[in-house]
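Asks: What follows is each chain in one-letter form.
2 protein chains.
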Amino acid sequence: MRYALLLGYDGTLFSGWQRQGKGERTVQGELERAASELFGTPTRVTASGRTDAGVHALGQVCHFDAETALPAEKLCLMLNAFLPPDIRVYKSCIAPDGFDCTRGAKRKTYCYRVYTAAAEIPVLDRYAVRILGVPCLQTMQRAADMVVGKHDFKAFCAAGSSAKTTVRTVFSVEIRVRAEKLYTMSEIYVTGNGFLYNMVRILAGELIAVGLGKSTAGLEAALASGNRTCLSKTMPAKGLMLETVEYDAPLFGVQEG
Amino acid sequence: MRYALLLGYDGTLFSGWQRQGKGERTVQGELERAASELFGTPTRVTASGRTDAGVHALGQVCHFDAETALPAEKLCLMLNAFLPPDIRVYKSCIAPDGFDCTRGAKRKTYCYRVYTAAAEIPVLDRYAVRILGVPCLQTMQRAADMVVGKHDFKAFCAAGSSAKTTVRTVFSVEIRVRAEKLYTMSEIYVTGNGFLYNMVRILAGELIAVGLGKSTAGLEAALASGNRTCLSKTMPAKGLMLETVEYDAPLFGVQEG
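Protein chains in written order, with the working numbering: chain A, 1 to 257; chain B, 1 to 257.
In case anyone wonders, no lab produced these hints; they're calculated from the structure. Beta carbons are placed, not taken as given, at the ideal position from N, Cα and C, and that holds for glycine. Certain hints may be false.
Said to hold, decoys possible - Pairs of lysine-lysine, BS3-like flavour, derived with a Cα cap of 27 Å:
no.	chain 1	residue 1	chain 2	residue 2
1	A	Lys214	A	Lys154
2	A	Lys181	B	Lys238
3	A	Lys74	B	Lys74
4	B	Lys106	A	Lys106
5	B	Lys106	A	Lys181
6	B	Lys233	A	Lys181
As the list claims (entries may be wrong) - Sample of chain A residues at the chain B side, in silico, Cβ under 10 Å:
no.	residue
7	Leu7
8	Asp10
9	Gly11
10	Asp65
11	Pro85
12	Asp86
13	Ala117
14	Ala118
15	Ala119
16	Val177
17	Glu180
18	Lys181
19	Tyr183
Just chain A, with the same shape it has in the complex (with noise of 0.2 Å):
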């Protein structure tokens, strides 16, 4: 029987999503321990897409193959019991028939976020990047409409990916900032039908350096060329977070987003 796990992670400290060699602590790694633990037997988990180091998940969605007479709705408590508190499994079910959570992926969301302030805030500096200045919203939102629909994205993947095709669809890019007393937050939320490897924390920091001044011919010289030199430097990893997956039909009802 295969199921399927709501979760989410804070990524401060694992060498992101797969399982690599000993001494590396990876989310997968975690996952696969609890489950093998709670089934005693090894259990392979799949994620809907890899987050690399760093990265943070508030709704990652997962699978698993097992046989078990537990109740389904009950192996995310019980996975939990095996687990360190930087991942918790917040929903499991039973998936519908010929699931699967990388290929069945239709729409992915992620938001970086990026603050400015005379100094780093350490309450915001586990999930945000302190940037200098503060970008302009409209500037932002303007580049950021030029990247939505299907593009060649080939610019925006670092190097080392092997993907087959660097063609994917952004279906929206939404720039949030919210100016408080102490410090200006800046939110960038892209969803898309997937994406190259670091295409949010590039796509971010041409965004970013735009809203800061840069023109947007960098970015339309990209798109046009498939040229990475075109745009600004990848992001770090901290500011980086998953917020949901979504897939044809709701799986655990309307709360996976």
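Take the given structure of chain A and dock chain B to it, following the hints.
Replies: What follows is chain B alone, placed relative to chain A:
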């Protein structure tokens, strides 16, 4: 010469503000060590108010006395060079004549954060406490309005306080409830001229209980009788954040709140 600092800290790994015995990591201990190293002489640092173990600060204000030729506005950066990353000084300046950051504090704002979700959410759980059930915003706000004004808050004071009087003025209590896809976040902002030991954590616990269905009779009785047992239990430290401290005149420009 007296100097004032605007700073913040992540309280997770601190045994509170106040310097303690060897082996206890405190914010005051770290700041005094940093200032003593910078100035080459033992330096005492005073805060607007002590925060308990595990309580966070977005905008704490401190002062210290030092003889130095270093420019006042650069002291924040220099102190940061001696501080761990979970404490950051945002601004520094020469304090106004007669300034005392404790006695001079006219308004303090704390925020208590709780969230409702199917399980603990790792990326929220450092600065907020998970509760069961979504509290009703309107019910909480009506109860919150009952504590606004000058009252004897004796019932809201944990045992062991050395306060001379338990009368305090609460200027405002503002409740915000925000429903997201995977959770609902409830924030209780309390502004007053000062707070008793655990007062915000006790008040937050009672307002949440009322928001979840408890009658306001306990709150009314607590205000009338001063009896701690009328109220719900003290909420955990990690949900509490010292947001801002205000003085008669702005110390660091407009930003300190």
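Asks: Now look at each hint and say whether the structure bears it out.
Replies: We went through each hint and held it up to the structure:
1. A:Lys214 - A:Lys154: holds (21 Å)
2. A:Lys181 - B:Lys238: Given pair Lys181 (chain A), Lys238 (chain B) holds - Cα atoms ~22 Å apart, limit 27 Å.
3. A:Lys74 - B:Lys74: violated (56 Å)
4. B:Lys106 - A:Lys106: violated (53 Å)
5. B:Lys106 - A:Lys181: holds (17 Å)
6. B:Lys233 - A:Lys181: This hinted pair is violated, its Cα atoms lying about 31 Å apart.
7. Leu7: holds (9 Å)
8. Asp10: holds (4 Å)
9. Gly11: Holds: closest Cβ of chain B sits about 9 Å from Gly11 (chain A), inside 10 Å.
10. Asp65: Not OK, violated: Asp65 (chain A) not within 10 Å of chain B, min 23 Å.
11. Pro85: Check passed: Cβ of Pro85 (chain A) comes within 7 Å of chain B, closer than 10 Å.
12. Asp86: holds (5 Å)
13. Ala117: holds (7 Å)
14. Ala118: Hint on Ala118 (chain A): holds, closest Cβ of chain B at ~4 Å, below 10 Å.
15. Ala119: holds (5 Å)
16. Val177: At 17 Å from the nearest chain B Cβ, Val177 (chain A) fails the 10 Å test, so the hint is violated.
17. Glu180: holds (9 Å)
18. Lys181: holds (4 Å)
19. Tyr183: Hint on Tyr183 (chain A): holds, closest Cβ of chain B at ~9 Å, below 10 Å.
Consistency with the previously given hints fails for numbers 3, 4, 6, 10, 16, ordered from lowest to highest.
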